[in-house]
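Asker: Take the given structure of chain Z and dock chain F to it, following the hints.
These protein sequences, in sequence, are chains Z and F.
Per the numbering used here: the first sequence = residues 1 to 477.
Per the numbering used here: the second sequence = residues 1 to 94.
Read the hints as simulated data drawn from the structure, not as lab findings.
Mixed in with the good hints there might be a few duds.
[Said to hold, decoys possible] Calculated from the model, a selection of chain Z residues having no Cβ within reach of chain F, i.e. all distances over 10 Å:
| id | residue |
| --- | --- |
| 1 | Met1 |
| 2 | Asp49 |
| 3 | Leu59 |
| 4 | Pro91 |
| 5 | Ala137 |
| 6 | Phe257 |
| 7 | Arg269 |
| 8 | Ser284 |
| 9 | Glu286 |
| 10 | Val299 |
| 11 | Asp313 |
| 12 | Gly359 |
| 13 | Lys373 |
| 14 | His451 |
| 15 | Arg454 |
| 16 | His469 |
[Unchecked claim] Have a look at the derived ranges for each label pair, beta carbon to beta carbon:
| id | chain 1 | residue 1 | chain 2 | residue 2 | range |
| --- | --- | --- | --- | --- | --- |
| 17 | Z | Ser307 | F | Pro24 | 21 to 29 Å |
| 18 | Z | Glu288 | F | Pro24 | 32 to 40 Å |
| 19 | Z | Ala380 | F | Pro20 | 47 to 55 Å |
| 20 | F | Pro90 | Z | Asp29 | 38 to 46 Å |
| 21 | Z | Ser310 | F | Ala42 | 54 to 62 Å |
| 22 | Z | Gly402 | F | Arg9 | 31 to 39 Å |
| 23 | F | Ser31 | Z | Ser310 | 47 to 55 Å |
| 24 | F | Met36 | Z | Phe257 | 18 to 26 Å |
| 25 | F | Gln76 | Z | Trp245 | 50 to 58 Å |
[Claimed, not checked] Taking beta-carbon pairs under 7 Å as the criterion, some of the chain Z residues facing chain F (in silico):
| id | residue |
| --- | --- |
| 26 | Ser198 |
| 27 | Pro295 |
| 28 | Val315 |
| 29 | Phe317 |
| 30 | Arg320 |
| 31 | Phe332 |
| 32 | Met334 |
| 33 | Arg335 |
| 34 | Gly338 |
| 35 | Lys346 |
| 36 | Arg347 |
| 37 | Thr351 |
| 38 | Thr353 |
| 39 | Ala368 |
| 40 | Gln369 |
Just so it is clear, CB atoms sit at the ideal spot from N, CA and C, and this is done for glycine as well.
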Amino acid sequence: MAADLRARRVSATELARHFLDRIERFDRDLNAFITVTAEQALAQAAAADRRLAKGEATLLTGLPIAHKDIFCTAGVKTTCASRMLDNFVSPYDATVVERLADAGAVMLGKTNMDEFAMGSSNETSFYGPVKNPWNRALVPGGSSGGSAAAVAARIAPAATGTDTGGSIRQPAALSGVTGLKPTYGRVSRYGMIAFASSLDQAGVLTQTAEDAALLLEAMAGFDARDSTSLEDPVPRYSQLLGDPWEDVTIGVPEKFFDGLDADNAAAVRAALAELEKLGAKLKSVELEYIGLSVPAYYVVAPAEASSNLSRFDGVRFGHRAEGAAGLDLTTFYMRNRGEGFGAEVKRRILTGTYVLSAGYFDAYYLQAQKARKLISDDFARAFRDVDFVAGPTTPTPAFGIGQKTSDPIEMYLNDIYTIGANLAGLPAISVPCGFVRNLPVGLQLVAPPLHEARLLKVAHHFQRATDWHRRTPDGYA
Amino acid sequence: MLRPEDIERLCRLARLEITPAEIPDVSAKLSSILGMVDQLQAVDTSGVAPMAHPLERPQRLRPDTVTEVDRHELYQRNAPLVERDLYLVPKVIE
Chain Z
1 MAADLRARRV
11 SATELARHFL
21 DRIERFDRDL
31 NAFITVTAEQ
41 ALAQAAAADR
51 RLAKGEATLL
61 TGLPIAHKDI
71 FCTAGVKTTC
81 ASRMLDNFVS
91 PYDATVVERL
101 ADAGAVMLGK
111 TNMDEFAMGS
121 SNETSFYGPV
131 KNPWNRALVP
141 GGSSGGSAAA
151 VAARIAPAAT
161 GTDTGGSIRQ
171 PAALSGVTGL
181 KPTYGRVSRY
191 GMIAFASSLD
201 QAGVLTQTAE
211 DAALLLEAMA
221 GFDARDSTSL
231 EDPVPRYSQL
241 LGDPWEDVTI
251 GVPEKFFDGL
261 DADNAAAVRA
271 ALAELEKLGA
281 KLKSVELEYI
291 GLSVPAYYVV
301 APAEASSNLS
311 RFDGVRFGHR
321 AEGAAGLDLT
331 TFYMRNRGEG
341 FGAEVKRRIL
351 TGTYVLSAGY
361 FDAYYLQAQK
371 ARKLISDDFA
381 RAFRDVDFVA
391 GPTTPTPAFG
401 IGQKTSDPIE
411 MYLNDIYTIG
421 ANLAGLPAIS
431 VPCGFVRNLP
441 VGLQLVAPPL
451 HEARLLKVAH
461 HFQRATDWHR
471 RTPDGYA
Chain F
1 MLRPEDIERL
11 CRLARLEITP
21 AEIPDVSAKL
31 SSILGMVDQL
41 QAVDTSGVAP
51 MAHPLERPQR
61 LRPDTVTEVD
71 RHELYQRNAP
81 LVERDLYLVP
91 KVIE
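For reference, chain Z alone in the conformation it holds in the complex (with noise of 0.2 Å):
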């Protein structure tokens, strides 16, 4: 698409219209965006044909992408899908959202997520739940789900995400997408309404590693604003992807493959001997302590999510509940909050809530935080004997819309492979890698911290061997 663009081909004028013709042509079935933003993106279509007119065209001259509605947008709308923000028009540019900008992307709209990032599904959104292109009486997965359908029925070439517990990757492998979730640090959080805080990081959702190299150039690097950027050098992570393939070894854990989905399995093991053939070596490796990353995680993340989101509570922005007024200060906190946060909301603050309290801090957060470090370990354990860690991002394709929202256990289980990465801090991607029942399941890569470039890498070269990701769902080519 750069490409066309650069030989003026196509102009951006042209992408933006093709792009706006189809989220209002298919979004009114996917419920993918929030809002859509078409009159700022044909100007920016506009500003970046005269800059391709004057050969002047930078990194993404005139390329659509959408945005998580997480990301905070100077004078559009940014709710987070929640009741609490229906109104909220952010002062300010995320960071994210200003790079992107910079290097010449032409912003489409918000795209549709679970509330405050918190699900799996897409289902917890205010704004109702996303439909699976692949099926639409299927989730898209979450809390990405927006982003990963938009990129799936190509009404969006590529999307932003943030990923705190699987949130990028589980949606792109539900959707059949590509979703890279960097390394902690890499990507700066500023303005990017936060979940856990320790958790979170931004990425990307594409149909190609390709196309996610490109952007995390764009989006990565030091900011000053977010004191937890890290100040490493960016590397040129477009120019690398062609280079030789090394000598690579790829741990494989066997306990990925305990209680997974049988076919979802096979497509995996078949992803895994495809890049054996490609030179890869696979090697067994052991995580010990894997399987405490679901309990931990759900520990840290609403005891995170309980402190962050102590902010909404209607008086400097947010909702304010009717009558208000007349209400002790207190009782006014309490009906904001209880009006403006979902169910899924209210049940992480409260199981924050109760693991942060008197009494309870030593065995249930101090518990999950030495866990933590034990998952933290085994990675790095591993990470001595190969350069990456693979196996399925999920334990099975889609599942319907309303068949998991009564038990958040089961819910909570779809990360299972995911939330590793986020506990450790490690940069991940999931490429499409087969198909379950006629749904696009994916291939997981762990890399250790700042090996964006390799993980790319290894995904491109999978990417040019395999068509998975070529795939469009029926209706949406």
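Answerer: Using the frame of chain Z, we list chain F on its own:
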């Protein structure tokens, strides 16, 4: 199993109102989540240092200078109720 009074206490701590009708469902689901995370109790973590964060680096410091400009008008556009540049809340002091 969490009792209704436990839920009420938690809701007050978290500044979160739930209706009496919601309590049984919240209690059941919260109890099952706490039951699941109880798996952590079975692990021997003696001698393990708790990990609060993936980056084992010291926090960066910046010079103590004012970098923000006054943009209160823009910021207050999102406030539910403002009068004379002040955020309005229920009366706190009699």
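Asker: Hints first: check each against the structure and report whether it holds.
Answerer: Against the structure, the hints come out as follows:
no.	hint	in the structure
1	Met1	34 Å, holds
2	Asp49	31 Å, holds
3	Leu59	27 Å, holds
4	Pro91	5 Å, violated
5	Ala137	25 Å, holds
6	Phe257	21 Å, holds
7	Arg269	28 Å, holds
8	Ser284	23 Å, holds
9	Glu286	16 Å, holds
10	Val299	5 Å, violated
11	Asp313	7 Å, violated
12	Gly359	12 Å, holds
13	Lys373	4 Å, violated
14	His451	14 Å, holds
15	Arg454	19 Å, holds
16	His469	29 Å, holds
17	Z/Ser307 x F/Pro24: 21 to 29 Å	27 Å, holds
18	Z/Glu288 x F/Pro24: 32 to 40 Å	39 Å, holds
19	Z/Ala380 x F/Pro20: 47 to 55 Å	49 Å, holds
20	F/Pro90 x Z/Asp29: 38 to 46 Å	44 Å, holds
21	Z/Ser310 x F/Ala42: 54 to 62 Å	32 Å, violated
22	Z/Gly402 x F/Arg9: 31 to 39 Å	32 Å, holds
23	F/Ser31 x Z/Ser310: 47 to 55 Å	24 Å, violated
24	F/Met36 x Z/Phe257: 18 to 26 Å	22 Å, holds
25	F/Gln76 x Z/Trp245: 50 to 58 Å	56 Å, holds
26	Ser198	5 Å, holds
27	Pro295	4 Å, holds
28	Val315	5 Å, holds
29	Phe317	4 Å, holds
30	Arg320	4 Å, holds
31	Phe332	5 Å, holds
32	Met334	4 Å, holds
33	Arg335	5 Å, holds
34	Gly338	3 Å, holds
35	Lys346	6 Å, holds
36	Arg347	6 Å, holds
37	Thr351	6 Å, holds
38	Thr353	4 Å, holds
39	Ala368	6 Å, holds
40	Gln369	3 Å, holds
Hint check: violations occur at hints 4, 10, 11, 13, 21, 23; the rest are consistent with the structure.
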